[in-house]
Amino acid sequence: MKTGDNQGDLLRVPHRITLTWREPAGLFLNRMFLKMRDKEELWAVKCPSCRRVLFPPEIVCGMCKVRIEDKKENWVQLGNQGTLINFYKVTGSREVDPSTGWHPRGQTFNPIGFIRPDGGNEWTVLAHILEETDPSKLYPGIRVRAIWKPKEERQGLMSDIKFWRILEEKE
Amino acid sequence: MNIPKEDEEILVSERNFDSIFSYTAGRTRSKFLTEIRDNKKILGIRCPNCNLVWVPPRSTCIKCFAHLKDFLEVGKTGTVKTYSIINIAQPFYPDKPPFIFGVIQLDGADNGLVHLLGEVEPEDLKIGLRVEAVFKEERIGSILDIKHFKPTAIKRS
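So the sequences go chain by chain: A and B.
The first sequence begins at 559 in this note's numbering and counts up one residue at a time.
The second sequence begins at 506 in this note's numbering and counts up one residue at a time.
Accuracy of the hints is not assured; some may be wrong.
Selected chain B positions facing chain A (in silico; Cβ < 7 Å) [claimed, not checked]: (1) ILE515; (2) VAL517; (3) SER518; (4) PHE522; (5) ASP523; (6) SER524; (7) PHE526; (8) SER527; (9) THR529; (10) LYS536; (11) LEU538; (12) THR539; (13) PHE576; (14) LEU577; (15) GLY633; (16) GLY646.
Subject to a maximum C-alpha distance of 27 Å in a straight line, what follows is the list of computed DSSO-like cross-link-like pairs (lysine-lysine) [to be verified]: (17) LYS709/A x LYS536/B; (18) LYS510/B x LYS629/A; (19) LYS623/A x LYS510/B; (20) LYS574/B x LYS536/B; (21) LYS630/A x LYS574/B; (22) LYS510/B x LYS597/A; (23) LYS593/A x LYS510/B.
Chain A regions said to be covered by chain B (calculated; three or more residues, Cβ under 8 Å) [claimed, not checked]: (24) 568-576; (25) 580-591.
What the hints contain is simulated information worked out from the structure, not anything from laboratory work.
The C-beta atom is built at its ideal place from N, Cα and C for all residues, glycine as well.
Extracted from the complex, chain B is given alone in its bound form (with noise of 0.2 Å):
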């Protein structure tokens, strides 16, 4: 066995990477942002298959791996599945901290979509929290078009 001596000074080199990047969407994607530019409507793909519906929709099967093409409309409401409260800042990060992300089940889907939630107190947060989705008013296809996800005026009793 190696192993240092007991007094050998071990040196650590603190190491950051970089990158920034872009990638193109594809056509399915490209679909599901200008779909969101446009229209203020939220697309999700469903699998004959599998009969799920993947939001945001996706070209592959990821569970049959068949071939999509079955666009439809899902609602702008959904459910809170599960959240994480921000409190560090990263570069990559599209808001500062303190901020919510959250996943989400919209209406119509079988898979949860990664999102903001706002509009909203942290003690207020809760699994099953109905929410519905806040557009900007300057879009230009990105996902965060979708300001953020805030509770719906109706509460759930």
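Okay, chain A solo, but in the shape it has when bound (with noise of 0.2 Å):
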């Protein structure tokens, strides 16, 4: 398209949108949060067809599209414990916020962290925070556990996880 034929001023409309709403987890979900929040546990559903473990649980499997019961039998606990498979240093924000102009420059990040729970399986991947913010002392393989956080401050959420830290030998 041509510009600069004369056709006046291109303007610009200043827009904001704003939107609140109310969300329940859904069934399995809300179990895994609850079980977190006041037990301190992990729960994961087993696909019954391929056997995968499925961590945050789903109600059907990805691969095989077979609906997940809730029984009993498909819901397996993992540990507290875990192997990281990999994880990323956070940097910063990728792009700079069009609205604000901010960009968080000059702060650490904690990496984020893929961690497979004890008893999951190679489909069972959990993407959390890590403490350990010098990412030279973390590699694939590394042995980690969660930090939960005080009882009164968990809230049924993954932040009640505080972090990932790193499990020292033969603690």
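Fit chain to chain and form the complex, with the hints in mind.
Okay, here's the thing in structure tokens:
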């Protein structure tokens, strides 16, 4: 499209959208969050067809499209310790926020780790925050354990786990 | 069927979303806004196929997808087609409640323009009320350069 052909000013229209809503987690996630909040336990479901351990639990297995019934044998408890599969270092916000011009430069961010809690199989991956901010001390395969918030601060959220701490050998 | 157990607590999270942004008005809408700003004129655009006049003007007819470029001036007066009295505050609203949103069919236009209705008591509002545009003194090229629409002095018999 040509510009500058004496069409007059081209304007911008300021805009704002706000929304508030309430959202239940759904049956399986609800139960997982309740167990996390009240008992510091991680519960996953196992697909009865392909035996994948799904954490967070899903009501339909994503690979074989089988509906996972709410039966006792389909639930498996995972451990509070796990193995780090991989991680990435967070250096800051990817882009400058266009509305505020804000860019979090120079801050230290905790790395995001991909953790397989004990009891999971090769399909179980949980993305969560790691405590260790120095990436040279992290490597795939290192053992980590969940550090929970105090009981009175837990709200039934994924952040009820504060972070995952490197497990010292022979702890 | 998966159903929750009877004594199971149901967690509900409160979520909110807030986004402040701007978008380019485009050539057609920019002309509409600059005419309000500079000349206190409200422009419509005519579709030659449908013979309909759209206010605010748009570059494409929403009925026949024709490319539109026949600007014409529509009246500063119009008729209230419907209205809504707002009592709940939202951050993106142009005014503090209570205020009135109206859909106004300007004279010469074939669709309604959403704008504020002012200088009118809620009990005097009715569909078919004749209103006229009140322009602000300081105009910046926004649809809110029209302060609101107020009832015309001559009442319909």
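Now the hints, each set against the structure:
With a cut of 7 Å, the hint placing ILE515/B at the interface with chain A holds, because the nearest CB-to-CB distance is about 6 Å. Nearest Cβ of chain A to the Cβ of VAL517/B: about 5 Å, under the 7 Å cut. The hint holds. The beta carbon of SER518/B is positioned within 7 Å of a beta carbon in chain A (closest approach about 5 Å), and the interface hint is therefore held. Checking PHE522/B against chain A by beta carbon gives a least distance of about 4 Å; that is within 7 Å, so the hint holds.
Of the supplied interface hints, the one on ASP523/B holds, with its beta-carbon coming within about 5 Å of a beta-carbon of chain A, less than 7 Å. A hinted interface residue such as SER524/B counts as satisfied when its beta carbon comes closer than 7 Å to some beta carbon of chain A; here the least separation is about 5 Å, so the hint holds. With its C-beta approaching chain A no nearer than about 5 Å, PHE526/B sits inside the 7 Å limit, and its interface hint holds. With its C-beta approaching chain A no nearer than about 5 Å, SER527/B sits inside the 7 Å limit, and its interface hint holds.
A distance limit of 7 Å between C-beta atoms decides the matter here; for THR529/B the minimum to chain A is near 6 Å, and the interface restraint holds. Hint on LYS536/B holds. Least Cβ distance to chain A is approximately 6 Å, under the 7 Å limit. The interface hint given for LEU538/B holds, since its Cβ lies 5 Å from the closest Cβ of chain A, which is under the 7 Å cut-off. For THR539/B, the interface hint holds, the least distance from its beta-carbon to any beta-carbon of chain A being 5 Å, beneath 7 Å.
Of the supplied interface hints, the one on PHE576/B is violated, with its beta-carbon coming no nearer than about 11 Å to a beta-carbon of chain A, more than 7 Å. For LEU577/B, the interface hint is violated, the least distance from its beta-carbon to any beta-carbon of chain A being 16 Å, above 7 Å. Of the supplied interface hints, the one on GLY633/B is violated, with its beta-carbon coming no nearer than about 31 Å to a beta-carbon of chain A, more than 7 Å. The beta carbon of GLY646/B is positioned within 7 Å of a beta carbon in chain A (closest approach about 5 Å), and the interface hint is therefore held.
Between LYS709/A and LYS536/B, the direct Cα distance comes to roughly 60 Å. Violation of the 27 Å bound is thereby established for this hinted pair. This hinted pair checks out: LYS510/B and LYS629/A have alpha carbons roughly 12 Å apart, not beyond 27 Å. Distance check on the hinted pair: LYS623/A and LYS510/B sit about 25 Å apart at the alpha-carbon level, within 27 Å; holds. Straight-line distance between C-alpha atoms of LYS574/B and LYS536/B comes to about 11 Å, which keeps the hinted pair within the 27 Å bound.
For the proposed pair LYS630/A and LYS574/B, the alpha carbon gap of about 67 Å is over 27 Å, so the pair is violated. Taking the CA atoms of LYS510/B and LYS597/A, the gap is near 18 Å; set against the 27 Å cutoff, the hint holds. Simply put, LYS593/A and LYS510/B have alpha-carbon atoms about 14 Å apart, close enough for the 27 Å limit, and the pair holds. A stretch counts as covered by a chain when three or more of its residues have a beta carbon under 8 Å from one of that chain; for the segment 568-576 of chain A and chain B the count is 9, and the coverage holds.
Coverage of the segment 580-591 of chain A by chain B holds in this model, with 9 residues showing a Cβ closer than 8 Å to a Cβ of that chain against a need of three.
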